[in-house]
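S.K.: Here are the chains, one letter per residue:
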Amino acid sequence: MQPTQRRLLFIGIVALGLAWTLFSADKKGNSTAGLIPAPQAGFLAPDFTLETLEGESITLSDLRGKAVLLNFWATWCPPCRAEMPAFQQAYADYADQDFVIVAVNAIQQDNLAAINEFQAEFGLSFPIVLDNDANVSRAYQVRSLPTSFFIDKKGVISEVVIGGPIAEALIRSRIEELIK
Amino acid sequence: MLPVIQIGPLSLQAPGLFLLISLWVGITLAEKNAKNYKLSADQLSNLILIALVSGVVGARIGYIARFPEAFASAPRNIVSLNPGLLDITGGIAAAIIAAMIYGQRKELLFWDTLDTLLPFFGMLAIGMALSNFASGNAFGMETDLPWAVDLWNTKRHPSQIYEIFAALVTLNVLYPPKRIAQSPAGSAFITFVAITAGYRLFLEAFRGDSTLIFGSIRSAQVIALIVLALALWGLEKIKMQAKAE
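In the order they appear, the protein sequences are chains E and W. Counted from 1, the first sequence has number 83 at position 72 by my numbering; the numbering is strictly sequential. Counted from 1, the second sequence has number 1148 at position 183 by my numbering; the numbering is strictly sequential.
Simulated from the structure, these hints should not be mistaken for lab results. Check before you lean on any hint, since a few could be wrong.
[What the hints assert, rightly or not] Pairs of lysine to any residue, SDA-like flavour, derived with a Cα cap of 20 Å:
no., chain 1, residue 1, chain 2, residue 2
1, E, 39, W, 1120
2, E, 191, W, 1031
3, E, 39, W, 1110
4, E, 38, W, 1182
5, E, 191, E, 74
6, E, 191, W, 1032
7, W, 1202, E, 20
8, E, 191, E, 169
9, W, 1204, E, 13
10, W, 1000, W, 1144
11, W, 1003, W, 992
12, E, 77, E, 48
13, E, 191, W, 1033
14, W, 1204, W, 1150
15, W, 997, W, 1074
16, E, 164, E, 74
17, W, 1204, E, 38
18, W, 1120, E, 77
19, W, 1143, W, 1077
20, E, 39, E, 50
21, E, 39, W, 1178
Assemble the whole structure, with the sequences as input and the hints as a guide.
M.R.: Structure (structure tokens):
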């Protein structure tokens, strides 16, 4: 191919690329997934209402305006045990800065006595809710424990962490980003 | 979507696993490719290893620099194995700097080395696409096309599969290399960059998670267009230089 032909071809390719960029611009807002509920980063966190150990109801959508760490756990799960002290420490440090932890217990694979003992052992002060019929675990497609969802103040999931234990520095850095 | 591979009590993180396997295959192919460019396979694998280790260290230092308070409360986490505590920009910068220093010390030819590393970069692109497929990231926008996939109760473009296919075709076209003697040094690598930028520019249009600028323009397409233009300009330049020589 002659140099002039090649240059024309290259200019043509770039012009085509520019035309495609403009043609495929997202005028309809197709790439904003934040309004659809799904257990994935970039999507609205699926809403739920569950009861705490004390019998109070917690609805996720009522927590809008706060950064939320939604943690699925069970007492028999070693990484869940390992990450709880870091969660408690972060909760104690950030609870007054629009941050809350909601610990969803997979009660179908656990028991109430063990949960109470666990809460006392680690001195957990954040709410623990019971997923009695596992509907919330299903809605969040929890495949292994622990699984954690960082949710921003608008209720949109910013990150999903499958497995654990999560490093304390990771919890703190994610919270700092979410409460900005 | 396959974020976790469950083998008995063991939960394997599929996105990371796919990326690691792709890196390993990429290193093996690059070492094999070394003899095509008359480079030392040992030096090449050392270069990759140094870049990877420096990249991880740089990524961690970058993350600590961004969130010093988080590490002040948990200093042991500086050496945590948690992959979430990495800053990608810092990692890439550290990997490039370390590779450049090693390359200069060993007097590796810049463009020949990049040409030799082409299968490594090609496998990296495949690995990233597979990783996105496993994690559900880089998902497609809604569509009613017959090949749409059902993702979170919505029919969507299988954007990760498009990306895997494009990365596979790109590597298959450029590797193993043809007519090395007739091609100026660097042409294989720059062609790879141009094709990769080209398919990213095209496929980004089907993504459902694009970051938008100026209201509706997908930022990834703008970056890909700039990279494509620079790669084509570079290709023209090295061809003209080779002709002049």
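S.K.: Does each hint hold? Answer for all of them.
M.R.: Status of each hint after checking the structure:
1. 39/E <-> 1120/W: holds, 17 Å
2. 191/E <-> 1031/W: holds, 14 Å
3. 39/E <-> 1110/W: holds, 18 Å
4. 38/E <-> 1182/W: holds, 8 Å
5. 191/E <-> 74/E: Distance ~16 Å between residue 191/E and residue 74/E Cα, so the pair holds.
6. 191/E <-> 1032/W: Holds, at roughly 13 Å.
7. 1202/W <-> 20/E: holds, 15 Å
8. 191/E <-> 169/E: Holds: residue 191/E and residue 169/E sit about 13 Å apart, inside 20 Å.
9. 1204/W <-> 13/E: Satisfied, since the Cα-Cα distance of roughly 11 Å is no more than 20 Å.
10. 1000/W <-> 1144/W: Holds: residue 1000/W and residue 1144/W sit about 14 Å apart, inside 20 Å.
11. 1003/W <-> 992/W: holds, 17 Å
12. 77/E <-> 48/E: holds, 18 Å
13. 191/E <-> 1033/W: Holds - the C-alpha atoms of residue 1033/W and residue 191/E are around 16 Å apart, at most 20 Å.
14. 1204/W <-> 1150/W: Given pair residue 1204/W, residue 1150/W holds - Cα atoms ~9 Å apart, limit 20 Å.
15. 997/W <-> 1074/W: Cα-Cα ~17 Å, so holds.
16. 164/E <-> 74/E: Holds. Residue 164/E to residue 74/E sits at ~8 Å (cutoff 20 Å).
17. 1204/W <-> 38/E: Given that 20 Å is the threshold and the Cα spacing comes to 40 Å, the pair is violated.
18. 1120/W <-> 77/E: violated, 31 Å
19. 1143/W <-> 1077/W: The given pair, whose Cα atoms are some 14 Å apart, holds under the 20 Å limit.
20. 39/E <-> 50/E: The given pair, whose Cα atoms are some 23 Å apart, is violated under the 20 Å limit.
21. 39/E <-> 1178/W: With Cα atoms ~14 Å apart, residue 39/E and residue 1178/W stay inside 20 Å; holds.
Consistency with the previously given hints fails for numbers 17, 18, 20, ordered from lowest to highest.
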